[in-house]
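Chemist: If you want the building blocks of each chain, they are given just below.
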Amino acid sequence: MARQKAPALWSREIAGRAVVESLRKLDPRTLVLNPVMFVVEVTSALTTVVLVRDIVEGRHGLIGFELQVALWLWFTVLFANFAEAMAEGRGKAQAATLRQARTQTQAKLIDETGETKVVNATSLRREDVVLVQAGDIIPADGEVIEGVAAVNEAAVTGESAPVIRESGGDRSAVTGGTTVISDWIKVRVTANPGETFLDRMIALVEGAERRKTPNEIALTILLTGLTITFMLVVVTLYPFALYSTTRLDLPVLVALLVCLAPTTIGGLLSAIGIAGMDRLVQHNVLALSGRAVEAAGDVDTLLLDKTGTITLGNRMATEFIPVNDIHAAELADAAQLASLADETPEGRSITVLAKREYNLRGREFSEREAKFIPFSAHTRMSGVDLNGRSIRKGAADEIIKFVRERQGPIPAELDSIVERIARDGGTPLVVADGARALGVIHLKDIVKEGIRHRFERLRAMGLRTVMITGDNPLTAHAIAQESGVDDFVAEATPETKLRLIREEQARGRLVAMIGDGTNDAPALAQADVGIAMNAGTQAAREAGNMVDLDSNPTKIIEVVEIGKQLLMTRGALTTFSIANDVAKYFAIIPALFMVTYPELDALNVMRLATPQSAILSAVIFNALIIVALIPLALRGVTYRPIGAAPLLLRNLLIYGGGGVVVPFVGIKAIDLLIEALHWA
Amino acid sequence: MLLNSLLRIGLFYAVLIALSVPLGLYMARVFSEQRTFLDFLLGPVERSIYRVCGVQRSQEMTWAEYAGAALLFGAASWLLLYLIQRAQYLMPFNPQRLGAVEPLLAFNTAASFTTNTNWQAYGGESTMSYMSQMLGLTSQNFLSAATGIAISIAVIRGFVRHSVKTLGNFWVDLTRAALWVLMPLCVALTPVYVWQGVPDNLNAYTEAKTLEGTTQIIAQGPVASQEAIKELGTNGGGFFNANSAHPYENPTPLTNLLEVLSIMLIAAALTHTFGKLCGDRRQGWTLFAAMSLFFLAAYALALWAEQAGNPKFPAMGIEQRAVAGQGGGNMEGKEVRFGTIDSTLFAAATTDTSCGAVNSMLDSYTPLGGLIPMFNMQLGEVIFGGVGSGLYGMIVMAVMAVFVAGLMVGRTPEYLGKKIEAREMKLVMLYVLIFPALILLPAAAASVTRAGLSGIANPGPHGFSEILYAFTEAAANNGSAFAGLNANTPFYNLLIGFVILAGRFMMAIPALAIAGSMAEKKAVASSAGTFPTTGVTFVVLLGAVILIVGALIFFAGDALGPIVEHFAMTSGRLF
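Residue numbers (the working numbering), protein chains in the order written: chain H, 177 to 856; chain Z, 299 to 873.
Isolated chain Z (complex conformation) (with noise of 0.2 Å):
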């Protein structure tokens, strides 16, 4: 059990760093409009977007225009989003007749698809025709993702840059995001899925008599091509209500590492793509290394929990060991051509990243199990985290360690050559500031009225883990569900829908000004007297702050949720 599980995430981590650095070298190339393999190609299809959108490309955007660009395109998708549901029931691509989406599900939907959230407060295959599928939530799955990575560019250029106030221009990071990053992968990963049996058609559902004799509606349709951009955008949103749980989203073990790697390929190569762009690669290394901490720790940790089982399960004749057919450990919630590994792999991944999708159910997961998504998230999304906000999250975080202990050196502080002053701090501050209010505030006026309370399936701390799991994940823009809120109610639909955007807007906009600011400053040149910001110690350093502050704002809920339900469940007491 424990050789299996150490070859497979050692081959898995093999895979994803053998693939994510040429990317990450190739994502620098894009993005500082170096010749690529596909100029010949997509050379073209980008100036004939300028032209017709109008695009002045040479044209410099400061850290103000950028944001105001990036939050434009935002509402306008969102509004677009909006409208396609509404009016779902008038256009093509609907065999099976779905009406309008309701107003407040539409809302909280179109904020959660273009934020990269894809919280799904309804089940798919009952809810979206096919055409709110491809042309709404499948194109928001790219812009959305592409618009995350043109953000962390300019946040990158803002630390690369200095005497200057402009960071690039939005129109070209997103266009070429998507052109060059995103529509290639997809396009060499969706035939792969067909192959393995995932489903990728207009039809209407299949009627199917099943052994026992009743009737099943076989649901389908464009199922493929969402699928792979649903895990490379860390976007999440499932097709079917199941999410990769579903096999028509992901029937075979290799789709299950295809998609696992799809999660973290792009936001592992960003961090590569700043060491380029930053003129050395260790400090990319570094924060890819401090991730790696993380996420392994993380797996480890859940794959532990998920293994050792529930102690109540061996009196009711449930088999938790590993023996002959079976893998064993809490097999509750989860898919048994996963088992225990492969489901707890694709919950570190899908929760360290800002993925969301999930294989198995982490309502069902035991409460430790269930424990290391929660904090995961509540970490900032930053082990890996959602392509581009994931790295620019990092880069906040590393300014802020830098700022802590780099005192400490006797110099003040700096980082990539900027020195860290009282602007940048505030910025910090109110980034840092900003996510523990959107969920905690939320979080205490759900566990206190009873349009919060109604939600709730199970009473105890595992209601509680559900309502703070449901905020945790909307302000991380990660859309995973928990499971077990019934979260399609007004007050969830509003709430939820609010906080995901202020979760992706309000951090992106503090993110964007501090990059503004470091664009302006000189750069500072570092001798042996510069505070290190790679190698081990930096590593461990930058893990303790991220630990450290996460810890301290959430351990207080964290304990009155899962950390209590597992010592409950050691002495005997479920939820």
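Pulled out of the complex, with its shape left as it was, chain H reads as follows (with noise of 0.2 Å):
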């Protein structure tokens, strides 16, 4: 898996460009977006004004509090908007390694009339047929309708091996901007210009496509509510006041509004967004909406297929199992000579397996000396006619027929050899010389190396996983128990799985599965989270709500991790954020009213200096919390899978227990910083 490295988090290149874009950020018709911070600049705009009007009236006295107080209101906006800039201005160093495959191509376009011309690239459009040749950079998104070539997918995917690409079955679909490295393709172009995946692609990891996923339209719901709840505390303190004799000066209650406003999470939760749509592009991983993300981190049911998932694809050799006296190096030689024209992978596996065990290479014939009898469906076995003799290997009850057809003998321990092979999830292949029974083959699955780990960190975060296959149960049954998967389908065809996702939904659960082929296409559609393989079919791609460029299929843990990583920093800066105002309200109140009730001196618990160092001090933390806080915006909150429980329990005490107690220390530094300067 190549990932792509993440861009330093401090990188002084993108840092300098989202100082400049934060301040393009001020315009309020782009800011109204986002309600939190637009209150703090419209409150801030309303200080300047008062600033403004006491400089003008010469009120010499206030100036100095009001200059700063504003200036640090005007900070806060643009300590957000510096948050949400850093986010896209990674995103962006990206997308500017994906976009030098975008530069000028030049594309073969086949006319209705089968002839050949030259255009530009940027002029395909859907339906379009071009031809690419060796050498040439594949110019649009498109499914290839005739021929086979070697792509190089390294523009895309960071992967330099280059993959074989072909008309029809499950590896058709090509990419804009990779390069076909032999032979050549014919493509149906899919992709309008600048709908293409890569366009999509950096679209989405710059941020400029990006939308409000619906739990961030909720979160932002319950920001806002609290801002205009905290508006009406606000604003009514001011009547409140004056009925106790206090008249409150604007910049003052602005101060209050600001502080008690949730504008830490309201700053910084754009920027996590971002940020974790491009935690799934460093995994290599394209989601097609933020939507799909968040799902992922709801996801309770897992579906993997066993085959290239869960076991590493193929059936191999482990072991030579002799009948009566038949030594072991015999059955081993037989084995290979009945494989040595046997090109499937099981095959070639015994020959590497008789290599290995018992030294023995593997022979060249001549067409004259031996005959190769190839398997198929209908004999279901194979083997080798050498020299009057015929080695036979195959299913078990084919071979007993081969033997029983020369009058030889059938050896008693056979059928419980074969059983227990079957037993344990294998599979038997007997062979035989002549009417003489040798042995058994045993053909295993092997199931990936940590894959029992993995399961079990899926079991803690409350995924179940489902292993699909088309194994008879017994096989299924076995690789279930190596594996520790929770539950198996057998037997299964394409439309098991998607009747299997239509179950756990109307349980209520939600389903995420990965897929490749063309019959994948209706499964992935009705999951809720589908992950297409790049180099799968176009249709399943499209059918899909994420593509991983590395055709991994194990990474659907690493997605369900970045989903679950989104929400939890989301869930933890909004806590941090309301805990916050309990030290900030201990810190403006007494300081409001320290001239009409010098008793509420009793609740200025942190012993600030002065009622302006106070608020200033409050104001200050609020906004410096916002750049201390980006780099956990942008990183996301470590995810532990400990179960729900232990989780919450862990992080409300960090988050809610240390948003409570940070500011109070805050506070209290920036207060004596303050005195110590003589700001206030």
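Simulated from the structure, these hints should not be mistaken for laboratory data. A few of these clues could be false.
[As the list claims (entries may be wrong)] List of simulated lysine-lysine pairs, PhoX-like, C-alpha gap at most 25 Å:
(1) H:LYS388 / H:LYS268
(2) H:LYS388 / Z:LYS724
(3) H:LYS388 / Z:LYS610
(4) Z:LYS463 / Z:LYS820
(5) Z:LYS820 / Z:LYS724
(6) H:LYS293 / H:LYS388
Once you've looked at the hints, go ahead and assemble the two chains, each given alone in its own frame, into the complex.
Modeler: Below, the structure written as structure tokens:
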């Protein structure tokens, strides 16, 4: 897996551009999309107006304080803009690498008459057919309709090993920007310019096409509601203070409002979302919507194909079990001879095992000496006729029939060996040399290393894993046992997947699955999170809502973790933001009424120096905490698969408890500094 | 003193749990129309009510229809109660020949009694005829409480049901709440009150010669029958002006205990109804535990403040320590037969729930002792709360708590298997926003206008407390009086009346809308990754969210009232 490297957190270049961007983002027309920060901006402007009025009217006593409050209020908005710009900047840095692939490309368009003419790639439209030859860059996303070629997809996947793309089957999709390195293919274009995979990917990582996701919208409503509530508190505090013969100034009220409003999460919310998408891209997964990333955090059930995900993909010979007094080496020799012409992975694994265990080398025979019998579904055996010997390997019942036909004896133990292998989930291949049954080859699915550990991790996260396999229930059960998967469906057809997803969803579970073939497309579309392999068909890629550029089926685990991390980061900062208000209240309320009610100084638990420095300290803390939390927002809160209850307790203590305590310390420290510098 | 209060609260809580759990399970049966032991008696009554009123009991309502029915019923009740008061001089059972109630006061009282608030800007014995008390006020005590219970049941159904649009039938829930829940409890309780000395007659007031030789008019009437529903339905409107401090409303320690118990009984039981109906009893216990946490903390704080007393009193020769013959503490405004322990218990119960009955005058509490009842209400009247309204308020707060912290387990938040999305958050925030708006905006108006300021009896922060308290209790539909504020003025009668109506219906409608939107959702299966909404962590989280949200909204206002008053008192300044 070629992971794209994340840009350093504080790259000078990105930060520099973000500073400029954060000024541009002050435009109220864009800021209004973030109601919390919009309120801060409006009130900052009001404070500035009051400041200007006081300068004009020459109220020198107030100017110093008001100037500082106004400045820090503006900084609060700028810091929030900066966070968003940083997240976007990091995305752009990644997009830049992608964009290099999109340099001017020429395309060989085949028109209706079959003539080829060279056009600019940007002029291609859907349904156009182009010819791509060795050395050409594929001009657009499309589907191979003719030919087969090796394609270098490093431009999108970062993986330099070429992949085969051919018409028909499950390897027919090609991506614009990748290079054909051998042979030729005809490609039917499936995306208009600007809508290609690469375009969408660039737009997504840059945050240009970002739409708020459902949970983000709900959270924005909560934050807006809280902000309105606090506006109500601040607006009514003015008449309440009048009753108590205190006339509160606008800058002071604004300071209170801004400190109470959830500016920390309000300022970092969009940065968290962009950074989440970004993390997916770093894992070479492209989500076609932010909604899918959120859904990934909610997934309850994972459907996994056995082959390629849980097992290495092909059955391998692991053991030669001779019968009667036959020597194991003789069995191995016969098995190897029978497999020499067998180009299937199983056949090759037999040759390899014989070579490894018994030091038997592969032999070359001419056509005259040896007649190879290929496997057929009808005979269910394969082998070789060599120097009068007929060596066969194949399904137990067929080989037994083969031996019986030659009046050979069937060893008593053969049946029990075959049965034992089958029960353990393996595939028994019986080997016979003419009328002599020699023994059994044990073919086995090899479970991927570390997969059991990953399933344990998923279980701890509260996810159920279901293995889908076409194997018989016995084999499926054995592999399920060995891999530690929670459940399995044997003898599955593509329709089984779709039905299973619907059943799970009817029980209120969210389902994620990975697929690559055209027959996976309905299931990918039905699943709440459908991850298509980039190497898969175009149909699969369009049905899913994520594409894994590495075509690595275990990637789904990272996707789920990234989804959870995104939601957790939002929750943690929301909790932190609200918990912060407690300390700010204790700083500001006694300060507001110190003159009228000196008794309220008892609430000044932080013993802040003066009312003005108390208010200023709270405002400065409120602004600086946004900057301090940018790294957390961009990196995300670490997800630990320990179950929801312990996770909640842990995060509540850190972000809830910490949220209450940290500002007391921070505000006091700033107050000491202000006092030392004589700012207020 | 400490041991005494611990023993009493322990006993009280044991009895409360012992009674509320079976009652809650019984209510779950009543509202899911399962068999109960009262069916043989009440079944025919129920059926004839539906026949007369033309109710189709199987006809289910959407949330909007349900809210509409509740609103319509409230409006009709309000009109009827207004007319009864205005026409009481024409009707029988008026031995004192009391005249018609003035229009603004009648408006205010009608609003107050039909919303389960029972704020009283009048003195009962000098204003209301027996006819108004029985036909108007007592019946509204039943019906407004039954409305609250019905709405809470509909809200529970919203979370329990899935993939449907309906929440039940308001008329059926209302009828069953009144017949199966409120009536039997009152029938059981009224004779006990009569036995303890609460009058229940239609006689004219008695004129008595006192030992000093002066004449005293002893008010009486059909008290006991109204007393039972006054607390059970968290109504709180006293038959007499002195409410439960009056010896005819609350004569003995036993009646005092029964009254406090009845205040909390149904609201506490509803948490168990909730747990039973949603198929996980722990969900109910969790809400009960969160409510209890606040209740016990409030009681302990108020008791501590009252028992510590007023530092200025000793100099005036007033004994505030517990000595033989008296319990000590700040006794201003308290009945000697209750002392600080029973007075603060009553005060905590009556303001935690939306009852509002009082057995002591909160205006005379120490500043901190007076802050606690006010803050209890400012938390949104969810600490047991009004019958029904407390539960649905608590459910809304639970949804909010789940949303704030739920993301921290890495899933989009869900409560009781229902995902919380933008639509529900809008309604939750509406619910959360309306409450402080109803308190802070009118209080702001009252604190700077002549009409508002003329009502207060004490200057300075105490006067501000009186204003803030009046609108707090109105929005919370509590109805308890801080006293000290002359609220029978056009300004207060109108403003408080409107706040009361909004506090009831503008809160109930979003709650029902949330339930309606939840009912339409699919139920989400739970797993090890699901946010746990039971257990200690969630109790603490829910408590923290309620406390922080409530405190952030009201701390500024409270700081200018009771809080500054408290610090002033400790440094020797009184208001």
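Chemist: Verify the proposed pairing of LYS820 of chain Z with LYS724 of chain Z, using a straight-line Cα cut of 25 Å.
Modeler: At roughly 19 Å apart (the allowed maximum being 25 Å), LYS724 of chain Z and LYS820 of chain Z satisfy the hint.
Chemist: Keeping to a limit of 25 Å between CA atoms, is the pair of LYS388 of chain H and LYS724 of chain Z held or broken?
Modeler: holds, 16 Å
Chemist: Could you grab the alpha-carbon distance between LYS388 of chain H and LYS610 of chain Z and see if it respects the 25 Å cut-off?
Modeler: violated, 60 Å
Chemist: Between LYS463 of chain Z and LYS820 of chain Z, is the straight-line Cα distance small enough, at 25 Å or below?
Modeler: Holds, because 12 Å separates the two Cα atoms, which is no more than 25 Å.
Chemist: For LYS388 of chain H and LYS268 of chain H, compute the direct alpha-carbon distance and say whether it is at most 25 Å.
Modeler: holds, 19 Å
Chemist: Given the hinted pair LYS293 of chain H and LYS388 of chain H, is their Cα-Cα distance within 25 Å?
Modeler: Since the Cα atoms of LYS293 of chain H and LYS388 of chain H sit roughly 43 Å apart, the hinted pair is violated (cutoff 25 Å).
When the structure is compared with the earlier hints, violations turn up for hints 3, 6 and for no others.
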